[in-house]
Amino acid sequence: MTAGFDHAFTDLFADRSGSLYRYISALSGDPALAEDIVQESFVRLYRRGRMPDDPAAWLVSVAHNLWRDDRRRDVRRTRLLSLRRDELPAIGESPATDAATLASERMQTVHQALARLPDRDRRLLLLRHSGFAYREIAQALDLAPGSVGTMLVRASESFRAAFYELFGASA
Amino acid sequence: MSSSAHLPDGELRAIVDGELPAPRARELRQHTADCAACAARLREIEQDAIGTGQLLDLLGQPASPVQLERVLRQARRARTWRAALIAASVTLAVVSVAGATAGRPLVRALAGRIRALFHPATPVTPPTTAPNDSMGIAFVPGIETVIAFDSGQGAGLLRISLADTAELVIRSDAAVSYRVHAGGVVVHNPQSAASYDLIIPRALPHVRVLVGGRLVLEKIGPRIVTGTVADTEPSVILPVR
Chain A
1 MTAGFDHAFT
11 DLFADRSGSL
21 YRYISALSGD
31 PALAEDIVQE
41 SFVRLYRRGR
51 MPDDPAAWLV
61 SVAHNLWRDD
71 RRRDVRRTRL
81 LSLRRDELPA
91 IGESPATDAA
101 TLASERMQTV
111 HQALARLPDR
121 DRRLLLLRHS
131 GFAYREIAQA
141 LDLAPGSVGT
151 MLVRASESFR
161 AAFYELFGAS
171 A
Chain B
1 MSSSAHLPDG
11 ELRAIVDGEL
21 PAPRARELRQ
31 HTADCAACAA
41 RLREIEQDAI
51 GTGQLLDLLG
61 QPASPVQLER
71 VLRQARRART
81 WRAALIAASV
91 TLAVVSVAGA
101 TAGRPLVRAL
111 AGRIRALFHP
121 ATPVTPPTTA
131 PNDSMGIAFV
141 PGIETVIAFD
151 SGQGAGLLRI
161 SLADTAELVI
171 RSDAAVSYRV
181 HAGGVVVHNP
191 QSAASYDLII
201 PRALPHVRVL
211 VGGRLVLEKI
221 GPRIVTGTVA
231 DTEPSVILPV
241 R
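Protein sequences, first through last, are from chains A and B. Residue 85 in the numbering used here is what sits at position 85 of the first sequence, and the numbering runs on without skipping anything. Residue 60 in the numbering used here is what sits at position 60 of the second sequence, and the numbering runs on without skipping anything.
Next up, chain A with everything else stripped away, as it sits in the complex (with noise of 0.2 Å):
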């Protein structure tokens, strides 16, 4: 291993660890999991011991393929999110604030929202959020480089559209 390579991981890990934890955490909703499917990703970048032509996309498809692994193995955990979800207390019930009570429908909304979405729309959408550039987007979803604001702009609409048909029918 160079200390190059070492100088190199330590930068993009500064740079990018975040904006991966935040696109795997709102993928999974689940923060505990992206935690590890971020270590993990990077300890395998380390174990590669070389930088692949594009580290952010690399990291992005290893993260993804984990995340997939991950549902695919832990069908049980998956439930019990679901009930989880299914057992929260009704909008009117909650003891909560209005305020709060406000912000958490809208989150269950984005939520929601993002769920009608395709996948490729939902991954692009929380890619671009988390602070992807369009060259590591378009190279994580294997699409053409030209193609991403395109793509951004449809699924933007389409998200929103969703949102607001979601939550007008809620309120």
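Since the hints were made in silico from the structure, they are not lab data. Treat the numbers as computed from the prediction; the structure is a model and nothing was measured. Among the clues, some could well be false.
What the hints assert, rightly or not - Away from chain B, derived, C-beta distances all over 12 Å, residues of chain A:
(1) N65
(2) W67
(3) P118
Unchecked claim - Footprint (simulated), chain A over chain B, 3 or more residues, beta carbon under 8 Å:
(4) 10-20
(5) 47-53
(6) 61-69
Note that CB positions come from ideal geometry on N, CA and C, so glycine has one too.
Got chain A; can you put chain B on it based on the hints?
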């Protein structure tokens, strides 16, 4: 570009996101200045991007709890064990032969090498974060620059201004650590309540300011975007949170 051809949505969105090379962005900006339809569509796409960002912000912008030291420890431990297992297998075979021919001294030496693999004498290299407690830092940035504050603060302001200089300058009223790298600078500020003056070279085409991983300000060409406001004012003040 023909003035009658309207710009595609993808390029308009790329302008909003600061994802176009500066010459192309200038060319498209010129077009939107002359074409009311494209200007209107650009505003629409910009509003949509901002609105989407605000909704996604509701999911929270948690700081990553993953620590570099932990990653390095785990990666190096795994590598040491793997190397040790391979080396031990090979060495065991050699020892078997050597033990029969050269006697105990050589066997002891080889056993020592095996032990060294499991307990390396070289200490683990600390991360090269090069902390440099200082009241400020100045450097010549690249064309794509990220200024990343490690975390949000309970108190403290970030005063941002543009200047006709070559150097990017950050000054703080308390000692924090800075680490300059190829893509910008990381300000290590956990538990700090410092305020900062950030002077950005006006000519710099694209600068992003992140606090705890969250984008709080973006300079795209002459424009400064702060989430909800886009303007060309010479200075902006934001809380560091």
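Verification of the hints:
{"no.": "1", "hint": "N65", "in the structure": "holds (18 Å)"}
{"no.": "2", "hint": "W67", "in the structure": "holds (15 Å)"}
{"no.": "3", "hint": "P118", "in the structure": "holds (16 Å)"}
{"no.": "4", "hint": "10-20", "in the structure": "holds (count 7)"}
{"no.": "5", "hint": "47-53", "in the structure": "holds (count 5)"}
{"no.": "6", "hint": "61-69", "in the structure": "holds (count 7)"}
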